[in-house]
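K.L.:
Use these hints to put chain B onto chain A, whose structure you have.
2 protein chains.
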Amino acid sequence: MDEITQTMQLMGQRARQASRETARATTDQKNKALLATADALIPRRPQILAANQKDLEAGQAKGLDAAMLDRLELNEARFQSMLEGLQQVASLPDPIGEINGLRYRPSGIQVGQMRVPLGVIGIIYESRPNVTIEAASLCLKSGNAAILRGGSESIHSNQAIAACLKIGLQEAGISENAIQVVETTDRAAVGALITMPEYVDVIVPRGGKGLIERISGEARIPVIKHLDGICHVYIDDKADLDKAFKVTLNAKTQRYGTCNTLETLLVAEGVAAQILPRLAQAFDEKQVELRGCEKTCALLDGIKSATSEDWDTEYLAPILAIKIVADLDEAIIHINTHGSAHTDSIITEDYSRSRRFITEVDSSSVMVNTSTRFADGFEYGLGAEIGISTDKIHARGPVGLEGLTSQKYVVLGDGHIRQ
Amino acid sequence: MDEITQTMQLMGQRARQASRETARATTDQKNKALLATADALIPRRPQILAANQKDLEAGQAKGLDAAMLDRLELNEARFQSMLEGLQQVASLPDPIGEINGLRYRPSGIQVGQMRVPLGVIGIIYESRPNVTIEAASLCLKSGNAAILRGGSESIHSNQAIAACLKIGLQEAGISENAIQVVETTDRAAVGALITMPEYVDVIVPRGGKGLIERISGEARIPVIKHLDGICHVYIDDKADLDKAFKVTLNAKTQRYGTCNTLETLLVAEGVAAQILPRLAQAFDEKQVELRGCEKTCALLDGIKSATSEDWDTEYLAPILAIKIVADLDEAIIHINTHGSAHTDSIITEDYSRSRRFITEVDSSSVMVNTSTRFADGFEYGLGAEIGISTDKIHARGPVGLEGLTSQKYVVLGDGHIRQ
Numbered sequence: 001m002d003e004i005t006q007t008m009q010l011m012g013q014r015a016r017q018a019s020r021e022t023a024r025a026t027t028d029q030k031n032k033a034l035l036a037t038a039d040a041l042i043p044r045r046p047q048i049l050a051a052n053q054k055d056l057e058a059g060q061a062k063g064l065d066a067a068m069l070d071r072l073e074l075n076e077a078r079f080q081s082m083l084e085g086l087q088q089v090a091s092l093p094d095p096i097g098e099i100n101g102l103r104y105r106p107s108g109i110q111v112g113q114m115r116v117p118l119g120v121i122g123i124i125y126e127s128r129p130n131v132t133i134e135a136a137s138l139c140l141k142s143g144n145a146a147i148l149r150g151g152s153e154s155i156h157s158n159q160a161i162a163a164c165l166k167i168g169l170q171e172a173g174i175s176e177n178a179i180q181v182v183e184t185t186d187r188a189a190v191g192a193l194i195t196m197p198e199y200v201d202v203i204v205p206r207g208g209k210g211l212i213e214r215i216s217g218e219a220r221i222p223v224i225k226h227l228d229g230i231c232h233v234y235i236d237d238k239a240d241l242d243k244a245f246k247v248t249l250n251a252k253t254q255r256y257g258t259c260n261t262l263e264t265l266l267v268a269e270g271v272a273a274q275i276l277p278r279l280a281q282a283f284d285e286k287q288v289e290l291r292g293c294e295k296t297c298a299l300l301d302g303i304k305s306a307t308s309e310d311w312d313t314e315y316l317a318p319i320l321a322i323k324i325v326a327d328l329d330e331a332i333i334h335i336n337t338h339g340s341a342h343t344d345s346i347i348t349e350d351y352s353r354s355r356r357f358i359t360e361v362d363s364s365s366v367m368v369n370t371s372t373r374f375a376d377g378f379e380y381g382l383g384a385e386i387g388i389s390t391d392k393i394h395a396r397g398p399v400g401l402e403g404l405t406s407q408k409y410v411v412l413g414d415g416h417i418r419q
Numbered sequence: 001m002d003e004i005t006q007t008m009q010l011m012g013q014r015a016r017q018a019s020r021e022t023a024r025a026t027t028d029q030k031n032k033a034l035l036a037t038a039d040a041l042i043p044r045r046p047q048i049l050a051a052n053q054k055d056l057e058a059g060q061a062k063g064l065d066a067a068m069l070d071r072l073e074l075n076e077a078r079f080q081s082m083l084e085g086l087q088q089v090a091s092l093p094d095p096i097g098e099i100n101g102l103r104y105r106p107s108g109i110q111v112g113q114m115r116v117p118l119g120v121i122g123i124i125y126e127s128r129p130n131v132t133i134e135a136a137s138l139c140l141k142s143g144n145a146a147i148l149r150g151g152s153e154s155i156h157s158n159q160a161i162a163a164c165l166k167i168g169l170q171e172a173g174i175s176e177n178a179i180q181v182v183e184t185t186d187r188a189a190v191g192a193l194i195t196m197p198e199y200v201d202v203i204v205p206r207g208g209k210g211l212i213e214r215i216s217g218e219a220r221i222p223v224i225k226h227l228d229g230i231c232h233v234y235i236d237d238k239a240d241l242d243k244a245f246k247v248t249l250n251a252k253t254q255r256y257g258t259c260n261t262l263e264t265l266l267v268a269e270g271v272a273a274q275i276l277p278r279l280a281q282a283f284d285e286k287q288v289e290l291r292g293c294e295k296t297c298a299l300l301d302g303i304k305s306a307t308s309e310d311w312d313t314e315y316l317a318p319i320l321a322i323k324i325v326a327d328l329d330e331a332i333i334h335i336n337t338h339g340s341a342h343t344d345s346i347i348t349e350d351y352s353r354s355r356r357f358i359t360e361v362d363s364s365s366v367m368v369n370t371s372t373r374f375a376d377g378f379e380y381g382l383g384a385e386i387g388i389s390t391d392k393i394h395a396r397g398p399v400g401l402e403g404l405t406s407q408k409y410v411v412l413g414d415g416h417i418r419q
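Protein chains in written order, with our numbering: chain A, 1 to 419; chain B, 1 to 419.
Careful, some of the hints might be misleading.
Since the list gives no way to pick out one identical chain from another, each pair is judged satisfied if it fits inside one copy or across any two copies.
Stated by the list, open to error - Subject to a maximum C-alpha distance of 27 Å in a straight line, what follows is the list of computed BS3-like cross-link-like pairs (lysine-lysine): (1) K286 <-> K304; (2) K304 <-> K32; (3) K295 <-> K243; (4) K408 <-> K209; (5) K238 <-> K32; (6) K304 <-> K246; (7) K408 <-> K246; (8) K408 <-> K238; (9) K246 <-> K286.
None of these hints come from the bench; they were simulated from the model. Since the structure is predicted, the reported quantities are computational estimates derived from the model, not experimental observations.
Pulled out of the complex, with its shape left as it was, chain A reads as follows (with noise of 0.2 Å):
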């Protein structure tokens, strides 16, 4: 075994010891850690900068382009977020231990599911260092243990966290080995993270497509992914189309980088000379690029075609595809196909196809009259969370504290045998 993997098995070994400890900390010992963890985050805000400097110097010097720099930066104000972020998620409910549904059965036992952690957590993500305090902060919570791989650029940033993290710990007298930073750089840490169930029950890749597509592929544990963000709004020809043109507009241009961001807008024939030019003006003047399937051109001039590809494209700038379609039949098929299972919403006033629309379309997230952009984990009251599911087992969509967790079952008896 080459050093690497040792390293990672020892981290894997101390990990599963701690998510004992983590599993019964009391929820007080868990918030008095996160909120520890702040109280020694302050204090320490010149050395974190400048750890976080050095980063961004090395980050310069090999030529990571402005986006990743971004990521990278730790200004104040994202200092100041991850200080909020540690004490709003110790304000939110401790979902372990709760007992659901404990009912007697014909046979006198009592049954039901108590709310357990996953055990060791490990979350693969990329150069963003606030991140790290994110992701260890729900973990935690959660009451798992965590074995957090930030990008090997932002190593000394996470580094300076991670001794936070460990006051946070001690204070409340946790095992500092419940959240463990993997501190080297080498990638050869991700394969053997990735390939060690003994220790790891759950991987969480967070970043971008290729990364993802790699882990999954690779790993030996269950990962919880969010791949493609593919949405859709579909404009019915029953829509109101004032609120069609609103959420329209807001889906596409709230913001363009987010999974949640409106991609392939699809439009029913009936409503689509009413609708489509006001939108188009509307795109126009936010500098959205559109390109349309063959109606949609002959209704707009001077706008693009879509290539077949565009169907299956999530731009992640202000770029959007706008096919028209027969009727509903067209768009739930077009987004059961093209789409990536993300969150797709209906514009409509028709209560039956509404409840169509909500059955048939196969995504995490299904909306009616409603942006795309609300497709997370705050606006839906998670409270926070460490990703979106596109995967169709255990968690779909936003995945906050509980996605972190699984259920057991409690059974209580009197000395009950089975006959």
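P.N.:
Coordinates of chain B only, in the frame set by chain A:
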């Protein structure tokens, strides 16, 4: 692409297509399909039993052992229980479409979660023809399409049963591709089935540990599985010894070959001398072989010494390992180290120890003063089960209809946009 892979891909495509139909099938349609299958089975009993006879003869010629031949046999009782199973699943409440927790958020949107099918389920099982009906009925009632791959020795029985399933689906107006039985006995079919995530959403392997380990190792799709059932009873020194006696005997001897049967008995040192001789005598009467730790052997004359391997063994036989432990702490450590996270029970009258056992033992079922033999879907009130999961994500413990579903978010608005 070879022929088997092509065949399986085609089945996968058909299943994916059919899963759209099963997902929106009404409760009435699904129940009708189940009951019509039962109605189709009844007059075809002679043909089905003849097909089974053909399988049995081939199995004998092939030299299958008695246990395998027993599982392969479709006798009158098993035929009857297939019919009853169909009626029973038809009578269960439909889990699909249930919307939970639909609440208004401060933004004005209303957010809830709707229970939806997983999509396409691949079931791989041994040569047990009655499982074909069991698996098909649970998948269909939960709105899923299924691809069923039974052991090659049961091929004629399965084909005869599959014909009845087709009739049932037809009568209910559901695509006959909703339940497909793999017709080839080539093992490569399994390899193809577990590596096509584009068509299959989850694999449920049922059978021996070897089969399940191989499938989990090679699958590129999430697997809901159960490996071992190394179940424990811990007799605490605050136990009511009559309950301890009764429960321990039942947990071991009510049936020997089931996964929730007791395999290792842990006894607190303080009560070992009182309870063990009494238990040993009862086990002797039932011809259960005991294998004890050093202290146990000192207490009980003439029993075998346990080796370290015994603590990690699922006997599925009239053999019981016994270990005397100092206290609850040692018991919990032993269970979390050597157990299989299946089902474990404490016998105690002590309030705090019962709470600690429930919280700290990391198994899919944790019990107090109850025989481990209760751990199954029927006893827990699920109505039926597709298996018992010892995994940590998605579903733990007995998996019924709900374990074959997931939840998506439903968001209702009135033209809401994100600020």
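K.L.:
Determine for every hint whether it applies to the structure shown.
P.N.:
Checked hints:
Within a single copy, K286 and K304 get their C-alpha atoms as close as 16 Å, which meets the 27 Å cut-off; across copies the closest is 82 Å, which misses it. Proximity of K304 and K32 under a CA criterion of 27 Å is satisfied in neither setting, with 56 Å inside one chain copy and 51 Å between copies. Proximity of K295 to K243 under the C-alpha cut-off of 27 Å is restricted to the intra-copy arrangement: shortest distance 23 Å within a copy versus 77 Å between copies. In the homo-oligomer, the alpha carbons of K408 and K209 lie at most 27 Å apart only across protomers (22 Å), although the nearest pairing inside one protomer, at 33 Å, exceeds that limit.
In this homomeric assembly, K238 and K32 never come within 27 Å of each other (Cα to Cα): the closest approach is 53 Å inside a single copy and 34 Å across copies. For the homomeric pair K304 and K246, the shortest alpha-carbon distance inside one copy (23 Å) is at most 27 Å, but the shortest distance between copies (78 Å) is not. With identical chains, the CA atoms of K408 and K246 are at most 27 Å apart between copies only, with a shortest distance of 25 Å across copies and 45 Å within one. Taking the shortest Cα distances, K408 and K238 sit within 27 Å of each other only across copies (25 Å), while inside one copy they are farther apart (46 Å).
For the identical chains of this complex, K246 and K286 are intra-copy neighbours only, at 14 Å inside a copy versus 76 Å across copies, given an alpha-carbon limit of 27 Å.
The structure is inconsistent with the numbered hints 2 and 5, although it conforms to all the rest.
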